[in-house]
Every structure is written in C-alpha cells, then in structure tokens.
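Student: One letter stands for each residue in the lines below.
2 protein chains.
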Amino acid sequence: MKELEERILKDGHVIMPDILKVDSFLNHQIDVALFEKMGAEFKKRFANKQINKILTIESSGIGVAVMAARYFDYVPVVFVKKANSKILNDGVYHTKVHSFTKDNDYDAQVSKNYLSDQDHVLIIDDFLANGAAASGMIALCKQAGATVEGVGIVIEKGFQPGRQVLEAQGVQVESLAIIDHFANGQVVFQ
Amino acid sequence: MKELEERILKDGHVIMPDILKVDSFLNHQIDVALFEKMGAEFKKRFANKQINKILTIESSGIGVAVMAARYFDYVPVVFVKKANSKILNDGVYHTKVHSFTKDNDYDAQVSKNYLSDQDHVLIIDDFLANGAAASGMIALCKQAGATVEGVGIVIEKGFQPGRQVLEAQGVQVESLAIIDHFANGQVVFQ
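As you go down the protein sequences, you meet chains A and B in turn. One point on numbering: in my numbering, the residue at position 118 of the first sequence is 118, and numbering is uninterrupted. One point on numbering: in my numbering, the residue at position 15 of the second sequence is 15, and numbering is uninterrupted.
Keep in mind that the hints were calculated from the coordinates and are not lab data. Mixed in with the good hints, there may be bad ones.
If chains are identical, the list can't say which one is meant, so a pair holds when it fits in one copy or spans any two.
[What the hints assert, rightly or not] In the DSS-like style, the derived pairs of lysine-lysine whose C-alpha atoms are separated by at most 27 Å in a straight line are:
no.: 1; residue 1: Lys49; residue 2: Lys112
no.: 2; residue 1: Lys96; residue 2: Lys43
no.: 3; residue 1: Lys37; residue 2: Lys2
no.: 4; residue 1: Lys10; residue 2: Lys37
no.: 5; residue 1: Lys102; residue 2: Lys82
no.: 6; residue 1: Lys82; residue 2: Lys21
no.: 7; residue 1: Lys81; residue 2: Lys10
no.: 8; residue 1: Lys49; residue 2: Lys81
no.: 9; residue 1: Lys112; residue 2: Lys21
no.: 10; residue 1: Lys112; residue 2: Lys10
Hey, can you work out the whole structure from these sequences and the hints?
Tutor: Printed below as a string of structure tokens:
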C-alpha cells in the first residue's frame, strides 16, 4: 500500500538493529484517515472471503480492526486480552504467547461467548515479525472451532519468520507494507 | 443516547452489587455500527468546541475514540499507555492512576511528542465511575500545557463521584448513558 509505505519512510524511525518506531501514526498516536484507507485495503485483499468476525489483540490492533470492520459489513470486532497471570477461568479460551519485544510471556484470552464454530475470522494486527501473536490468535480460533479466513497485517518484517510460520498453518497472509531489510537506518521495502 | 440505553438493558449484565458487564458490545466484543453512532453523538455534544486531538487510554477507549475522530475532522487520536512499573523515561508525561476495578495502581504515560500546549483535547473513555482514569488524563494534559475541552464518556455510573471530581476541575462532562442506580439486578437510568 503505497501511501502507507510513504508514511513509514517519512515518519518512521529505525532504531538499530531492527526496531521500527511508527508511534506517530500507528501505535501511540493514530492517523484515523490512514486507518480508514488501510481498512478499505484489507477488504480488497480479502474480497473473496466470507468473514463474519474480526479478531485482534489489545492494544495496537484495536483501532485498525475497528476501521476495517466498516468495510466488512460492520462485523463484530473481538479483541483478545493480555493477562500477566493465568487466572483460572472456565469462561475463556487462552493460550501462552511470547512477546519478543518485551521478552516475556503473557496469557492471551478470549471469552468463549465471542468466538465459536460459527465464526469465519479475519485476524488483524499491527505488526508481523515472529508471528507469535497471530499464531496465538489462530490457536484461540482452533480451540473455538472457528475458521481462520486470513491474517491482515499493517507492517510485516519480511526478514523475520512470521509469514512462514503462519503460511505453514495454511493461512492467507496479507500485509499492507513489507519491510525487506534496513539499510543505514533506512527502511527498504520488498 | 436512547439506542445505547436500550442496548445496555438488552445485553448488559449486572453483577451485584455495582458491576455492569457490557463486554458483548463495548469492551471485549465491539459493535462497530453502534460505536459509529456514539462518535456522531459525541460530536453533537461538543459541537461548539474547537478540538484538534482526542485522548483516550488503552484498551477499551481506543475503538470509541477512533470512531469519534471521524466526526471531528479526523483529528489524531492518542492513547495513553498503562505501565505497571514506572520506567524512567524523559520522553513521557506520566501520572499515577488507581484502578478501583483491579485495586491496583498503574503509571499512565503519554509521549511528549504527541501532547503539547497547542492541543485542544477531547478526552474519551468507556466508563466513568470514580473519575480516576479521566483525572489522570487531565493531569497529563496539564503537564503538557494542553487545554482540555471536555470529557466524553460512554457509560457513567451516576451514583459514583466521577462527574463531581471532573466538574470540580472545570471540565464539561458528557456521558451517553448515565446509570442512576441498580434495582434488583436491573439498570435504572437517570
């Protein structure tokens, strides 16, 4: 998505060796007009899929997911919650996810009320690197018997294994911008 | 807001003595069409204010804030982050907030890059009870020299002191639904 790539080049900051900060428009301050265009683009990428629910994970995925839902006939958005401790609760599906950014594990939880075998799910997240969060969401869908129709990502780090991890599970992955590598503190897209 | 009140009566669950669960449409699963109407209603309530930024706090405020921004000329949304430990960081404004729900304190943080004395801020949150989170956001605005133009709330517990706490600071408070009290496990609106 050309506008997103241009925005990353203009406002993103590369912190060596491989961190890209985009908090001026994506995950701290939000450019709502850009999010709307990203939502429309996700619809194009998954136009052939029958989707009745969008699943994301707090916090940075929520804004993108809500905007995308407008283009998928206002399907419900469900956001997975991150719990530090595993509270015993029969009412949730849960799975352990490793955060490489924070170098810790959290328990990803979703209420059994909001994910079921009737659901055809589009998973949306802001970043794809190792695929840990998206794999966690796929695991939650499997527990619920839901069908994963695809994974939509805003920014993919193409040099990390996330895409392979997800595609190996038979899932269509669509990223709006794919970073091939960083060169001299600059982003180079695929 | 009539549609919101009806939805609370239909899908909300009162857990005695004074907890209202609305996670089927507000803070776990999101009804995006309803959020859009809430955004339009916030614009009506603050139509006379010049607002150039919406401030909210992760996670449940983000969806509402993003939808509201569409009706305020797509102003940027900034979401305050909750940190468990106070990491020393010169780049953020921060303040301590007490969570009555979880009975703990967290450090509310916002980057100095995204809040300044040029900002006329609408604060948006999902719930108003004791006013702790909204007061924290007002404190962050004050640190930045930003002007708080108002606080927009989805559901206010009118029997708790939040409104008085905020109005004592000279801030206009607009809530889309105000709960007067609970009676026999049912919500009674003001």
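Student: Each of the hints needs a verdict: does it hold here or not?
Tutor: Evaluation of the provided hints:
1. Lys49 x Lys112: Result: close within a single copy only, 24 Å intra versus 42 Å inter.
2. Lys96 x Lys43: Answer is neither; intra-copy 30 Å and inter-copy 40 Å both fail.
3. Lys37 x Lys2: within (11 Å within a copy, 31 Å between copies)
4. Lys10 x Lys37: Within one copy only: 18 Å inside, 34 Å across.
5. Lys102 x Lys82: both (13 Å within a copy, 14 Å between copies)
6. Lys82 x Lys21: Both. Shortest intra-copy (22 Å) and inter-copy (18 Å) distances satisfy the 27 Å Cα cut-off.
7. Lys81 x Lys10: Between copies only: 24 Å across chains, 32 Å inside a chain, cut-off 27 Å.
8. Lys49 x Lys81: Answer is within: at 26 Å inside a copy they meet the 27 Å cutoff, but 34 Å across does not.
9. Lys112 x Lys21: between (34 Å within a copy, 15 Å between copies)
10. Lys112 x Lys10: Cα proximity of Lys112 and Lys10: across copies only (19 Å, versus 42 Å in one copy).
Comparing the model with each numbered hint stated earlier shows that hint 2 is the single one that does not hold.
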